[in-house]
Amino acid sequence: MLNWGLYRNLENSVKDFLDEEVFEDNVTDKNNALVPVRIGRKNSNDWSLPCISVYLDAENSPTRLYVGSNLRDRKFLLIFDIYATEEGERLDLASWLTKKLENGFRYYEYTQDAGDPENPTKTVNGLVNIDTFINNIRVKLGDNVDSVDAHRHRISLTVWIGS
Amino acid sequence: MKIRVAIREKTGKSFRVEERRRVEEASELDCERLARECEKIIGETITAKAKKSTGYLASFFYAEKIPYGWGVGRIEELDSKAKYWAHQNWGSEGIGANWAHTLPKGHWVNGRWVEDKSGYFAVPKTPIPAMNYIESTLATMDAIIPQILSEKRI
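Taken in order, these protein sequences are the chains called A and B. Per our numbering, the very first residue in the first sequence carries number 3; after that it's consecutive. Per our numbering, the very first residue in the second sequence carries number 311; after that it's consecutive.
FYI, nobody ran anything at the bench for these hints, they're computed from the structure. The reader is advised that the hints may include incorrect statements.
Subject to a maximum C-alpha distance of 30 angstroms in a straight line, what follows is the list of computed DSSO-like cross-link-like pairs (lysine-lysine) [stated by the list, open to error]:
| hint | chain 1 | residue 1 | chain 2 | residue 2 |
| --- | --- | --- | --- | --- |
| 1 | B | K361 | A | K17 |
| 2 | A | K101 | A | K17 |
| 3 | B | K323 | A | K142 |
| 4 | A | K142 | A | K17 |
| 5 | A | K142 | B | K391 |
| 6 | A | K17 | B | K359 |
| 7 | B | K393 | A | K142 |
Here are the computed distance ranges between Cβ atoms for each label pair [what the hints assert, rightly or not]:
| hint | chain 1 | residue 1 | chain 2 | residue 2 | range |
| --- | --- | --- | --- | --- | --- |
| 8 | A | K32 | B | V333 | 53 to 61 angstroms |
| 9 | B | R346 | A | N33 | 28 to 36 angstroms |
| 10 | A | G117 | B | A432 | 16 to 24 angstroms |
| 11 | A | L4 | B | P439 | 22 to 30 angstroms |
Here a beta-carbon is modelled for each residue, glycine too, at the ideal position from N, C-alpha and C.
Isolated chain A, as found in the complex (with noise of 0.2 angstroms):
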């Protein structure tokens, strides 16, 4: 089986990050508890309200890194979805995260352990550098909604990974 490769990696890095920041800043719920990190861009029943979904989506690596050499100019699009409960929960959520992603966050790499695979060996290898902020805005879906989607916030940024 092949060890985890980049992409993963760097999903599992933001997750990662997220996960301690939202402890660290203590960010929760009406209920008070902590919002959840999901990796990947499709719901699933046992996902609750609040919580914040990342994904890698694409590559875009058109450029070279120099003139003569194979090494790409790489750049990864990130795309970051917040499903709140409320307007107010969206707003606070969005402006939240944008903070904590400015400054960027470590890059791990990730080595799976056969005895125990729920929790990987992580090695740092990097940081994590936000290049540009695509978008960040609500998604409007229209008035005909499920309460999922009524609530929606969309964070896109591409990034690029320095030693």
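Since the structure of chain A is provided, determine the placement of chain B on it from the hints.
Same frame as chain A, but now just chain B:
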């Protein structure tokens, strides 16, 4: 003694006026080139990411002149002719579906769910997945804008 110098180009026009006209023309041309490139990229992105692309949604993302520049994808037109553009970009539980993905009473018309009180309940197999074609296009544009602007004009 004050000396006033007026710089004029060969034909005798004011340099400032002439330079301003030249910069406006160049920026107009650059805006158009970027809009046309954006149209191409968003079309390719939708086609590549859609499960069964018919080209219908992509056809509404075309470059057009707007006041003070160029634009791609007019929201009023998308809202009236390709109503599901937002659901396809951001993904959703389904149009009016609840947490368990049950749709309100209605029936299917050409693959679309139309609400109808005399219809029946249905549960779509999956929520509408987010295609993120707008974000993907903007990320690609962000990376290639310097490249496009540095290209020589023909």
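With a cut-off of 30 angstroms on the C-alpha distance, tell me whether K142(A) and K391(B) pass.
Given pair K142(A), K391(B) holds - Cα atoms ~17 angstroms apart, limit 30 angstroms.
Using the C-beta atoms of K32(A) and V333(B), is the stated range 53 to 61 angstroms upheld?
55 angstroms Cβ-Cβ, so the 53 to 61 angstroms window holds.
- Query: Would the pair K361(B) and K17(A) pass a check requiring their Cα atoms to be no farther apart than 30 angstroms?
  - Reply: Holds. K361(B) to K17(A) sits at ~28 angstroms (cutoff 30 angstroms).
> Are L4(A) and P439(B) spaced within 22 to 30 angstroms by their CB atoms?
Replying inline: holds (25 angstroms)
* Take the C-alpha atoms of K393(B) and K142(A), compute the straight-line distance between them, and say whether it is at most 30 angstroms. => holds (12 angstroms)
task: Check the following: the C-beta atoms of G117(A) and A432(B) are separated by a distance inside 16 to 24 angstroms.
output: With Cβ atoms ~45 angstroms apart, the hint is violated.
K101(A) and K17(A) were given as a pair; does the straight-line alpha-carbon distance stay at or below 30 angstroms?
holds (16 angstroms)
Could you grab the alpha-carbon distance between K142(A) and K17(A) and see if it respects the 30 angstroms cut-off? Roughly 25 angstroms between the alpha carbons, so the hint for K142(A) and K17(A) holds.
Quiz item: Does the Cβ distance between R346(B) and N33(A) fall inside 28 to 36 angstroms?
Solution: violated (51 angstroms)
K323(B) and K142(A): Cα distance at most 30 angstroms? violated (51 angstroms)
Item to complete: Take a quick look at whether K17(A) and K359(B) sit within 30 angstroms of each other, Cα to Cα.
Response: The hint holds at about 25 angstroms.
In this structure, the hints that do not hold are numbers 3, 9, 10, in rising order.
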